[in-house]
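Engineer: Residue numbers (numbering that gives the first Met the number 0), protein chains in the order written: chain A, 0 to 198; chain B, 0 to 195.
The set of hints was computed from the structure by calculation and includes no laboratory data. Computed from a predicted structure; not experimentally measured. Virtual Cβ for every residue (Gly too), placed ideally from N, Cα, C. Possibly wrong hints are sitting among the right ones.
Claimed, not checked - Example chain B residues on the side facing chain A (calculated, C-beta under 7 Å, incomplete):
| # | residue |
| --- | --- |
| 1 | R129 |
| 2 | Y156 |
| 3 | H159 |
| 4 | L175 |
Said to hold, decoys possible - Far from chain B, by Cβ distances over 10 Å, these chain A residues were calculated:
| # | residue |
| --- | --- |
| 5 | T19 |
| 6 | D34 |
| 7 | D67 |
| 8 | A94 |
| 9 | Q110 |
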Amino acid sequence: MALYPDYPIRTERLTLRPFTRGDVDAVYAYRRREDVARYLFDVALSREECALAVQQRIGQVALEGDGDKIILAVELDRNGSVIGEVSLILRSADARQGEVGWIFDPEYQGQGYATEAAAALLDLGFGPGDLHRVSARCDVRNDSSWRLMERLGMRREAHFREHALLKGAWNEEFIYAMLRREWLGRRNAVSTARPGGDQ
Amino acid sequence: MTSPILPIHTDRLALRTFERGDIEGLNAYHTLPSVQRYVFSRTRDAAEVAEALEIMRGHVSLQRPGDTLTLAMCRNRALIGHVALHWSDATAGQGEVQFVINPVHAGQGYMGEALAALFDLAFDHFRIHRLFARCDGRNHNSIKLMQRLGMRLEAHYREHALFQGEWDEELHFAILDREWQRSTKVRDLPMRHRVA
Numbered sequence: 000m001a002l003y004p005d006y007p008i009r010t011e012r013l014t015l016r017p018f019t020r021g022d023v024d025a026v027y028a029y030r031r032r033e034d035v036a037r038y039l040f041d042v043a044l045s046r047e048e049c050a051l052a053v054q055q056r057i058g059q060v061a062l063e064g065d066g067d068k069i070i071l072a073v074e075l076d077r078n079g080s081v082i083g084e085v086s087l088i089l090r091s092a093d094a095r096q097g098e099v100g101w102i103f104d105p106e107y108q109g110q111g112y113a114t115e116a117a118a119a120l121l122d123l124g125f126g127p128g129d130l131h132r133v134s135a136r137c138d139v140r141n142d143s144s145w146r147l148m149e150r151l152g153m154r155r156e157a158h159f160r161e162h163a164l165l166k167g168a169w170n171e172e173f174i175y176a177m178l179r180r181e182w183l184g185r186r187n188a189v190s191t192a193r194p195g196g197d198q
Numbered sequence: 000m001t002s003p004i005l006p007i008h009t010d011r012l013a014l015r016t017f018e019r020g021d022i023e024g025l026n027a028y029h030t031l032p033s034v035q036r037y038v039f040s041r042t043r044d045a046a047e048v049a050e051a052l053e054i055m056r057g058h059v060s061l062q063r064p065g066d067t068l069t070l071a072m073c074r075n076r077a078l079i080g081h082v083a084l085h086w087s088d089a090t091a092g093q094g095e096v097q098f099v100i101n102p103v104h105a106g107q108g109y110m111g112e113a114l115a116a117l118f119d120l121a122f123d124h125f126r127i128h129r130l131f132a133r134c135d136g137r138n139h140n141s142i143k144l145m146q147r148l149g150m151r152l153e154a155h156y157r158e159h160a161l162f163q164g165e166w167d168e169e170l171h172f173a174i175l176d177r178e179w180q181r182s183t184k185v186r187d188l189p190m191r192h193r194v195a
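I would like the entire structure built from these sequences, with the hints used as guidance.
Structural biologist: Set out below in structure tokens:
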């Protein structure tokens with residue numbers, strides 16, 4: 000199930016597109032922050048490390064085999080700023096399993112941008128990507144992340160305790176997931192609820 | 000890791016490494032449909048069981064991460080099942096337990112007895128931090144057993160993999176070193192064996 004999407008992907012207020020070298024400063028602005036790095040596997044990045052991260056992402060635009068990633072910059076249309084990134088990883092082509100992730104600039108929190116961008120990625124994964132199940136994971140203390148998973152309609156499937164070490168301390172992790180039929184059910188419910196829409 | 004002293008004797012069982020002579024005993028249960036229903040690697044005939052035995056005979060210690068220690072469960076010198084401890088992550092001290100019993104011997108507490116000894120071994124001898132076990136969501140016997148051992152349900156995956164050609168429902172149970180009630184064995188002894 001190869002997935003080679005056409006870019007950019009446009010939502011109501013955002014543009015999801017591949018990274019370019021020109022995004023390094025924007026990425027540095029939020030990935031240098033401790034509050035952003037706190038629950039990521041990485042620590043806060045230097046500008047050189049951001050340049051490397053962006054460089055790696057430029058080619059991550061399609062899914063072919065297990066482990067492949069699509070990582071897209073999320074650009075806010077009203078001011079053209081890159082406010083974060085969203086990712087879709089192919090975990091198993093045979094079982095059609097994917098994983099979504101995101102990193103957002105706290106300066107742009109509270110406006111529903113992360114929900115909008117993540118929903119677009121789920122549309123991509125379950126739609127053209129034909130995935131059966133998409134999961135997401137986060138540190139249990141990362142409230143904004145798992146609340147986003149629940150807003151998207153994902154179910155909590157796992158709560159692991161001390162199953163791994165993260166930055167020298169015991170990790171506690173949630174795994175959320177949703178099935179294709181659950182996502183399609185939600186999308187249909189949303190569209191039929193729109194006033195003036197077809198009935 | 001240092002090798003444990005085997006065999007391990009519990010109230011009614013001896014836990015030891017597998018031997019060539021176990022082929023008949025293993026054949027007696029491994030290909031049964033009720034066992035095959037939930038095992039991770041299927042064995043369809045005697046030849047595949049013989050291959051499985053060869054592999055299990057090599058599981059005699061935990062030297063490197065990724066190693067598995069597999070112990071035959073013997074009751075009155077008869078092979079009635081087996082338990083395994085897989086060292087899945089050395090840095091974080093994680094181990095996975097697996098277990099199979101000949102259905103003829105089920106319902107008598109043997110598996111709980113063997114797993115309690117295996118848990119003692121994992122936590123006390125190998126100093127593992129967390130043990131986990133996976134099972135199918137419909138495998139009620141395994142679920143009850145793990146709950147009795149004091150394990151917590153940590154994951155309930157739905158349709159995250161194809162298992163024997165169908166969408167699975169996989170549960171993960173886990174227990175930490177500090178949660179394992181080693182005194183369980185004492186509590187279960189008849190009254191006259193307990194110290195006042």
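Engineer: All the hints need checking, so say for each whether the structure fits it.
Structural biologist: Hints, verified against the model:
1. R129: With a minimum Cβ separation of about 5 Å from chain A (threshold 7 Å), the hint on R129 (chain B) holds.
2. Y156: holds, 5 Å
3. H159: Check passed: Cβ of H159 (chain B) comes within 6 Å of chain A, closer than 7 Å.
4. L175: holds, 6 Å
5. T19: Holds, since 35 Å exceeds 10 Å.
6. D34: Nearest chain B Cβ is 26 Å from D34 (chain A), so the label holds.
7. D67: For D67 (chain A), whose nearest Cβ neighbour in chain B is about 18 Å away, the distance exceeds 10 Å, so it holds.
8. A94: violated, 5 Å
9. Q110: holds, 32 Å
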